[in-house]
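Visitor: Listed below, chain by chain, are the residues.
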Amino acid sequence: MSGATKRDVVLPPASTVGVLGWIRKNLFPSWYSGVVTVVLGYFIISNFIPMINWALFNADFIGESSADCSGEGACWVFIGTRFDFFIYGFYPEAEFWRINVLYVIFALLIVPQFFNAVLTRIKMVLGVLGVTIFPVLAFILIRGSETFGLEIIETNRWGGLTLTLILAYVGIVAAIPIGILLALGRRSDMPLVRALSVVFIEFWRGVPLITILFMASVMLPLFLPEGVSFDRLLRALIGITLFQSAYMAEVIRGGLQAIPKGQYEAAEAMGLGYWRSMGLIILPQALKIVIPGIVNTLISLFKDTTLVLIIGLFDLLNAVQTTIIDPAWRNVAIEGYVFAAFLFWVFCFGMSRYSQQLERKLHRGHKR
Amino acid sequence: MNQDVENGGRTVQVASMAAQGEAMIKVEGMHKWYDTFHVLKGLDLDVSRGERIVICGPSGSGKSTFIRCINRLEEHQKGRIVVDGVELTNDLRNIELIRREVGMVFQHFNLFPHLTVLENCCLAPIWVRKTPRREAEEQAMKYLERVKIPEQAKKYPGQLSGGQQQRVAIARSLCMNPKIMLFDEPTSALDPEMIKEVLDVMVELAQSGMTMICVTHEMGFAKTVADRVIFMDQGEIVEQGPPSEFFGNPREPRTQQFLQQILHH
Chain F
52 MSGATKRDVV
62 LPPASTVGVL
72 GWIRKNLFPS
82 WYSGVVTVVL
92 GYFIISNFIP
102 MINWALFNAD
112 FIGESSADCS
122 GEGACWVFIG
132 TRFDFFIYGF
142 YPEAEFWRIN
152 VLYVIFALLI
162 VPQFFNAVLT
172 RIKMVLGVLG
182 VTIFPVLAFI
192 LIRGSETFGL
202 EIIETNRWGG
212 LTLTLILAYV
222 GIVAAIPIGI
232 LLALGRRSDM
242 PLVRALSVVF
252 IEFWRGVPLI
262 TILFMASVML
272 PLFLPEGVSF
282 DRLLRALIGI
292 TLFQSAYMAE
302 VIRGGLQAIP
312 KGQYEAAEAM
322 GLGYWRSMGL
332 IILPQALKIV
342 IPGIVNTLIS
352 LFKDTTLVLI
362 IGLFDLLNAV
372 QTTIIDPAWR
382 NVAIEGYVFA
392 AFLFWVFCFG
402 MSRYSQQLER
412 KLHRGHKR
Chain V
106 MNQDVENGGR
116 TVQVASMAAQ
126 GEAMIKVEGM
136 HKWYDTFHVL
146 KGLDLDVSRG
156 ERIVICGPSG
166 SGKSTFIRCI
176 NRLEEHQKGR
186 IVVDGVELTN
196 DLRNIELIRR
206 EVGMVFQHFN
216 LFPHLTVLEN
226 CCLAPIWVRK
236 TPRREAEEQA
246 MKYLERVKIP
256 EQAKKYPGQL
266 SGGQQQRVAI
276 ARSLCMNPKI
286 MLFDEPTSAL
296 DPEMIKEVLD
306 VMVELAQSGM
316 TMICVTHEMG
326 FAKTVADRVI
336 FMDQGEIVEQ
346 GPPSEFFGNP
356 REPRTQQFLQ
366 QILHH
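Respectively, the protein sequence lines represent chains F and V.
The first sequence begins at 52 in this note's numbering and counts up by one.
The second sequence begins at 106 in this note's numbering and counts up by one.
Just so you know, the hints here were simulated from the structure itself, not pulled from any lab data.
All values derive from a computational prediction rather than experimental measurement.
Think of the CB as a built atom: it goes at the ideal place given N, C-alpha and C, for glycine as much as any other residue.
Please note that the accuracy of each hint is not assured.
No more than 30 Å apart at the CA atoms, straight line, and that leaves these computed lysine-lysine pairs for DSSO-like [claimed, not checked]:
# : chain 1 : residue 1 : chain 2 : residue 2
1 : V       : 328       : V       : 301
2 : F       : 412       : V       : 146
3 : V       : 247       : V       : 328
4 : V       : 259       : F       : 312
5 : V       : 328       : F       : 76
The following residues of chain F were derived to be distant from chain V, with all beta-carbon distances above 10 Å [stated by the list, open to error]:
#  : residue
6  : 112
7  : 122
8  : 321
9  : 323
10 : 332
11 : 413
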């Protein structure tokens with residue numbers, strides 16, 4: 052019996068399986084593919100090795116000043132000495148713990164979302180906490196509050212990665228619901244609601260973000276009555292939120308349009324009414340369809356926060372840019388920008404991975 | 106409103122209730138236009154409690170539009186529609202009141218693909234009728250058993266066959282305990298071998314005394330369960346009568362022509 056089975060098993064030719072087979076199939080399937088592989092391989096290796104040497108093997112990690120850097124590789128000493136400024140901006144050192152506490156809470160809220168083993172119910176609770184209690188707590192801790200005996204620290208001392216995250220977080224948490232309302236408004240049967248939504252979306256989408264920030268910072272105070280001042284960070288936040296919610300609205304509208312008419316009719320025919328039809332039937336499906344578009348918008352929102360440097364806010368990129376011109380350090384621009392780029396990449400890549408995982412999880416088998 | 110004897114005691118009782126002439130649906134001189142196109146041209150119809158009506162007619166005759174007016178998926182522009190004593194106007198409260206009592210089954214099932222079969226069935230009872238979840242689920246299981254697919258309760262609609270999906274759609278409507286059921290060509294989108302399983306459920310439902318209006322081309326179904334068959338053409342009711350009369354001795358030439366076309370293969 053077993054002998055017969057053995058004889059029946061015909062193994063594929065050795066050249067098509069294993070490492071060799073893989074290389075043959077993927078790298079050298081034909082002579083021109085082979086040429087492309089060799090040429091690209093040469094470029095990758097010839098650039099990659101010097102890069103690694105620069106960033107790791109020839110780099111200096113330990114030290115306190117520019118003198119500790121040999122100049123042959125990256126001078127990470129610079130990042131180390133300015134690290135606090137990159138993360139906290141002008142925030143007083145004695146109060147760093149407040150921000151650190153928030154980073155820990157933030158990590159506790161976010162990290163479980165990436166693991167399939169965590170129950171959906173727990174993820175949802177964490178998510179709800181993240182958009183309700185967390186922002187309030189963050190505001191009290193970062194700004195300070197006399198009732199809790201925390202020294203008040205004005206927004207002009209906030210900065211660095213912390214400020215970037217504040218801008219992005221508020222932008223994301225506020226732009227999605229506003230975007231949903233605008234998208235629904237644009238498809239409403241009520242002419243006034245529809246017209247207002249269209250005007251709002253087309254206005255904010257038609258103006259560059261940099262113009263909006265500039266207007267909010269320079270023009271708005273001219274229109275406000277004497278003595279009324281308006282926090283600069285708050286103005287930037289409102290500008291970013293409204294700008295991104297217009298983009299968000301159009302992405303979500305795309306999803307609403309993809310839902311077949313029958314779904315609307317079935318929901319209506321059950322007497323669910325408008326808001327319940329939208330909330331229970333239409334939006335869950337529409338938002339799922341446009342997850343890639345939403346995340347695309349969120350990633351661009353995250354990176355667009357760097358534009359606040361135009362109105363003098365010290366976000367991560369501005370913090371880096373201000374320090375690299377320090378005459379005490381020679382040629383640290385590359386290190387500074389690489390560091391900033393790396394931090395941005397980590398957060399954007401995280402969002403991208405999360406969205407892919409969410410898409411897989413919400414996949415409901417076959418087509419409808 | 107004579108019943109076939111084989112339908113048993115329950116139907117006889119229903120027939121007597123129907124004979125009392127208590128109108129569940131009353132349509133009077135109803136007109137509808139799409140822009141300037143006159144789709145429905147002065148329809149009149151009284152449906153008694155427990156009556157089973159089959160509407161047939163060529164495509165484009167307005168039969169679907171007609172039943173979609175009854176739960177206000179389409180708006181009529183002239184005439185009156187009264188459902189269970191409530192008149193359909195622009196008053197949203199009235200519309201929602203009527204929609205609670207009127208179940209609808211669609212040609213393309215229109216199940217909610219992001220919810221399981223059980224969740225599809227429980228959604229409206231929980232959110233519209235405020236039924237407690239446990240109770241809603243028990244009731245949903247009861248109806249899923251009635252349409253003979255309780256074992257699929259945890260699956261998503263996309264994992265079911267067309268016939269199964271349509272039976273779920275029927276169960277979903279029944280979960281609202283409607284007084285009236287509307288069927289809009291429920292078997293037209295199905296593969297031939299699945300039509301019977303859906304029709305069986307509909308026959309069973311008809312025999313339980315539900316007030317039903319079915320737009321369908323299933324003439325066998327019409328003969329078995331309908332109290333009245335209505336033939337529509339070009340937005341008008343051309344002819345109506347009990348199936349024996351309608352199929353045996355149609356009066357209007359248009360009806361005769363239609364029946365000849367669909368019954369001769």
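Visitor: Hint by hint, say whether it matches the structure.
Guide: Cross-check of the supplied hints:
no., hint, result
1, V/328 - V/301, "holds, 15 Å"
2, F/412 - V/146, "violated, 50 Å"
3, V/247 - V/328, "holds, 29 Å"
4, V/259 - F/312, "holds, 25 Å"
5, V/328 - F/76, "violated, 65 Å"
6, 112, "holds, 50 Å"
7, 122, "holds, 59 Å"
8, 321, "violated, 4 Å"
9, 323, "violated, 6 Å"
10, 332, "violated, 6 Å"
11, 413, "violated, 8 Å"
Hint compliance for this structure: hints 2, 5, 8, 9, 10 and 11 are not met, and every other hint is.
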